[in-house]
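**Q** Since the structure of chain C is already known, use the hints to place chain Y on it.
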Amino acid sequence: MRIDRIRVEGFGALSQVSYTLAPGLNLLEGANEAGKSTLLAFIRAVLFGFARKGSAQRYEVPEGAAFGGELWLSGAGERLLVRRARGRRSEGQLSLRNGDGAPQPPERLDALLHGVSQRLFEEVFAFGLSELASFEGLAREGSVADALFAAGFDGARRLPKVKQALESASESVFKGGAAKQPLNLALQALGQLRAERQALGDLPARYQQLVDRQRALEDGLTSVRHALAEREQAHQALLGLHHAAADLVAWERLAAAIAAFDPELAHHPPDAVTRFELERGRRDEVEGRLAQAQVLLSAAERSRERIVGSLLEAEQVTTLRAAMARLLGWKESWRTLGDRRSAAMAERRALHAEVARLDDALVSRLETLDVGAAARAAWAACSAELNDASRLRADAAAERAQRCDRRDDLVERQRRASEELAGLCAVPVAALEQRRREAQRLRDLGREDAALNEARAALRRELEILGRDPESAPSTPAHPIALAVPAMVALLLAVGALLLGDHRIAWVCGILAGSMLIAAGIHRRRTQVVFARARAAFESRRSAQQVQTQAVAQRLRELDHRQETSEAERLRLREALGVRDSEAAPEVLLEGVEQSLRQAHRREALARELDALADPLVRAKRDVEAAEARVQAATDRRMAAEHEAATFLTARGLSPRLRADAVTALLAELARLQQSLRAVSHRMAVLEQESESVETARAELQAACAQAGAGCADTGTDAEALVVQAQAMLQGHDQAEEAVRAEATRIEGLESQIAGDDAIRAAADEALRTLFDSVGVKDEAQLRTRSARAAERARIAQQLELHRIGIERAVRCATEVAYARWKDAGGGDGVAQRLAELEAELNSMKTKATALAEEKGAVASERERLGADARVAEIRLEEEQLGARAQALARTYARDRLGLILLARARRRYEEAQQPALLRAAAALFAALTGGRYRNVLVSAEADADLQVVDAAGRVVSAERLSRGTREQLYLAFRMAVLEDFAARKGPLPIVLDDVWVNFDPQRARSAIAVLAQRSRAQQVIAFTCHPWVRELFVSQGAQVVAADHAGDLIRSSA
Amino acid sequence: MRFRFVHAADLHLDSPFRGIAADRRMHGILHDATFRAFRRIVDLCLSESAAFLLLAGDLFDARDRSVRARLALDAELVRLSAAGVQTFIVHGNHDPLSGQPQGAAARPGIHVFGAERGEVVVVRDGHELCAVQGISYPHERVEENLAQRFGRTRELFTVALLHANLGGSAAHANHAPCTVADLTGRGIDYWALGHVHTRAVHALQDGGLAVYPGNPQGRHVLEDGERTCALVDVEEGRARVSFVGVDDVRWHALRLDIEGVPSVEALFDVLEPQLQALSAHPGPRAHAVRVTLHGRGALHRELALRATVEQLEDQWREALWTRTPQVILESVQVQTRAQRDLAALAAEGGWVSTVLAEWEGLQHSPAELRGLWDDPDLVRLERALRAVGLRSTAEASDAILQDAALRVIDALVEDDA
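Protein chains in written order, with this note's numbering: chain C, 1 to 1055; chain Y, 1 to 417.
Everything labelled a hint here was simulated from the structure, so no lab data went into it. A quick note: this is a predicted structure, and the numbers were derived from the prediction, not measured. One or more hints might be untrue.
Stated by the list, open to error - Heads up, simulated EDC-like pairs for lysine to aspartate or glutamate below, C-alpha to C-alpha not over 20 Å straight-line: (1) 986(C) to 374(Y); (2) 175(C) to 377(Y); (3) 175(C) to 374(Y); (4) 175(C) to 382(Y); (5) 846(C) to 367(C); (6) 161(C) to 410(Y).
To be verified - Coverage of chain C stretches by chain Y, computed from C-beta distances (three or more under 8 Å per stretch; other residues unrestricted): (7) 869–881; (8) 885–892.
Backbone N, C-alpha and C fix where the C-beta goes; we use that ideal spot for every residue, glycine too.
For reference, chain C alone in the conformation it holds in the complex:
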């Protein structure tokens, strides 16, 4: 691959410059700040992308200006235009096209670059002094062998740093011994946890022992408690006998006493006497109650007969009740009759007064006046017609005024347009537009003329420059007289010596003369050859210059012709426009024509407006006439409505001058008053009828009272008093009837009581007989004697029972059994002795049981503690956590150590496989660069070994002891070896070098450039320099020299 052309649109200080490069050796020459380093960065940027924003290597130009440019590449039989411009991403927008201009995918560029990375390209293919010196930096930082990788291999530059990073990373995780690294700490903690767990021992076994021990203790405790319970039971039995001793003695005595009584007395009812007395008392009480009831019964029968004699006849009661009911039916009416009559009369007077306020004349005839709903509806229709007629007339008048305004407005617009039209120019628009086109052409001709004049002047200047003779023809070479004259003198001396006979001198002089003549001949021949070459080159340049002069003259003639044509057209146009004054400016002329054109356009617009106004004006006048007719019709309708209203009012005796709404209100009021007056008259008639009915009822009641035997002298005709009297008579009758019913009920009750008491007396007699039979006596005396005897026996039995209870409470068994045991134990003394023995035994057994229970409690507590202890689980969890962490750290450590091992192994692989060939190539190049001063390079595989060189004498010298220039030649040799290797393996790429030879002496620089020239046969070399002497060296190697000056884009070449 090679770069054919570079075109910078904008990159740092470079703007719109381009360079054409040759396939082989190229030199871009320029002073400091001419942009050489910028150009190096540009090539890198176009191929691999702009540097990040903010980086000094980005060379970004201000926003708005073009940023980036193009490289024309060729290789593998094809061409590729690579363009990079500002894009959304920081690396810029890349676009590729082939030789035909067709877009290409980005992979095409990668293919041309043989997949080389940006880093490798910058380190090895396109480098300056700083990159060259990086080898030295690496050599200082780490081993020389590492630096050798850096020089030769992508990625190896970072090898020392990577190794260091891995070493420190692994050491930060783990170290031998008792270090504080995290893995060491985790392992130590893990060991401690393990030891703690071991120290806890076999907890389940311990727990099982505790279980077994607890079980044994429980068994022992159970047997002790069992024995204790037996002893306590015996002790309790003896203690009961001891406590019941007194009861047992008394019980023995009373049992003997009770045996002396008749056994049947045990069944004698203790309440026999009480029951006898109770029954007899009850019989006596019934006897008394029966005598009292007979007396009360006789009195009640007498009272009933007396009351029945004072009752009214049933018919009288019925008549009295009916008459009183009728009068009470009119009760409310007769009480309020007077008040209602007075109220009705007052209301009628008030209505009359209200009507009189409206109109005195209406009072007498109001009730007959026609102010009903039909009359009011007729008035409402009449009033509505009056309002409609008035509104219609007002609307018609408003419409007439509006249409008059519209008509007047149209007349005014017509007048103004006519006046403006009369004042405008009458030339047609089409003619004026033609004049405007001619005026514009005239102005354009003037501008073209000025441009032609400038072009002609430029061509004349160029012709003038070409007409000068830039260089003189090479002069004819001088004759080598300086050698010819001494040769002739020597020849003459040789002839003279021969003549004098000195042959030795003659031979010497002869040879000397011959040599001089041969030398002169050779010199002349070489001079002639050089002259002939210079002459040929001169002739070639002169013929090219002549061709160029002829071309410029031809273009000048063409421009003259175009100017003449232009002048003829200008004259024609001025004539057409009628411009006599040749000095009149075309712009002024054009302005005049355009003004006339604007007036013509305005005139046409006014004419169209007048035409448009004619029809609306006619329509507006017709509209005004129609409105007038509608106003007249509305006026007629209103007059008819007013007449009808006057007729209505006069017919009712009302003033025709009243307003329509006042009439409506008056009619409504009169109708209301008329209705009220009629209602009052009706009520008064009803009151009169009520009064007559009341009087009739009162007379009937008075007659009924008299028939029932009441005197009416006190009551007279007062209905109120009459009603009170009748009510009193009826109430007296009702009370007498109630009293008769009460007496009958009382008699019935007394008869029932007497029957019940007879039955009770018979039952009491029967009970007494049964009692005597049951206890086996015949009378009261026998009953009382037997009952006393039975009570004595019961008292003794009760005492016996109390002692029995005492005994059984103390010994908790039947009294007879306890008595037998007591007797068996030897009575009170025997029991006391046995009791003392048992208490001593019990105390001993309780002590033993307490000891066993305490031990069992301790064992159970320990067992419970073990069962609930989560410490083992905690330790196991912590062990797992720490183990996981340690395992992860161990993996990290192993990874980093393996990384180092991998690097070392790869390194050995490289050294064994590739380094020797590369070293041989580098040694050969270094020998060439140093003109054979050094002949070999030695690099040991040892990590800390030094880089050494072997000089021509076979001495081994450390690279560190070499001068800076020689060291840089050594590094250049390594790079060139790598380049050769890469080109051989993958293919050639351009080599770009930025003044890497500034520290070389001229001879070494020449050698270096010779090496580059030799390399340029296989791959393109592009070198930058600011030194004229370097330029000369490159020229001597046939390089194409390009001026790298961003101020211009001239390209100069030198063969």
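**A** Quick look at chain Y alone, frame taken from chain C:
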């Protein structure tokens, strides 16, 4: 006659979870998980009216020396026994007979098989339901094929209770190794197996079934997903198996692709949908997760720093713990790669291609790879790991070598910035 029973194995009661850097707040859940899972098994027996419960070894880890494990086991089995449900137990490699304390009293309704094959006939309501045979491990290591000692002895549905490695599962120690052929033709209707923690059903040619119920509670991330016991219905001599989830803390291995993720902080947003999906699991009380970051992306360089990952773990652990249900973060694993094409690097040549070639050579030479662990530093490391009983790093030699190679390549071709 129809009946049903429950088959569980590998309870590992009170055994710790592996690898969780949990703080004290989480200990309660982690400690109780195995116990609660076992309680669910017992609840299942009671609710499903199971005739008996089979426990196929590794009820706890003898080396844990946990008293709590034994007490909890005892308490739950007494509960079963009180309800009339029998329990049959064999011991496995983690809880061999030799590791049991001497003198433990027998309990009614709980039958522990000894080191010789035993058989018990299960009777219900006066009818013989089935015969249960079983063998316990006498000690930790049993290399004999114990399956060969089993065989039908009567015309009853016969169950064999055994802790064994069927088919030589590489993930588990090869105790009592046997094959499907060894189990076939012995007249056993149901092989109730334990030892392999992943549930599996093997249908035998003789019509029998060999079943691993799985362990009821996963204890590390490789035991992720639902953990179960087996509920077995027997009708007319045929067994039908269904697995019932009983785990209390469920493990999940979550993977997170870093491609396109702009920042370390944004990773949690990417993780969120996977966390929300955990709520869809109704059974467990909490979840334990390992988050593995993988893929290529701009975050790779940042994630390569141990401090970044540790900080991320701390932040996420706190955030996950406060969720409902609670989520316990085991760890964040980084398996990310830089955005580079190894094939292109190899093709480009240079030093990196030499490193790649060396890596490839080691991948194809196991002996040479093993030889790398002869490096004195690694020897020292391995000795230290062995001293505390940790696994050798050489067990994962391939993966570690890959990590090392990729890390070296990343560092070698890293941008200068």
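**Q** A separate judgement is required for each hint: does it hold in the structure or not?
**A** Results for each hint:
At most 20 Å may separate the alpha-carbon atoms for a hinted pair to count; residue 986(C) and residue 374(Y) exceed this at roughly 39 Å. Proposed proximity of residue 175(C) and residue 377(Y) is supported: the alpha carbons are some 9 Å apart, at most 20 Å. This hinted pair checks out: residue 175(C) and residue 374(Y) have alpha carbons roughly 17 Å apart, not beyond 20 Å. The hinted pair formed by residue 175(C) and residue 382(Y) meets the criterion: a straight-line CA distance of about 12 Å does not exceed 20 Å.
Between residue 846(C) and residue 367(C) the alpha-carbon distance is near 131 Å, which puts this suggested pair outside the 20 Å criterion. Under the criterion of a C-alpha separation no larger than 20 Å, the hint pairing residue 161(C) with residue 410(Y) is consistent with the structure, at around 13 Å. By the rule of at least three residues with a Cβ nearer than 8 Å to a Cβ of chain Y, the coverage given for the stretch 869–881 of chain C holds, with 10 such residues. For a cut-off of 8 Å, the count of residues in the stretch 885–892 of chain C with a CB near a CB of chain Y stands at 7, and the three-residue condition holds.
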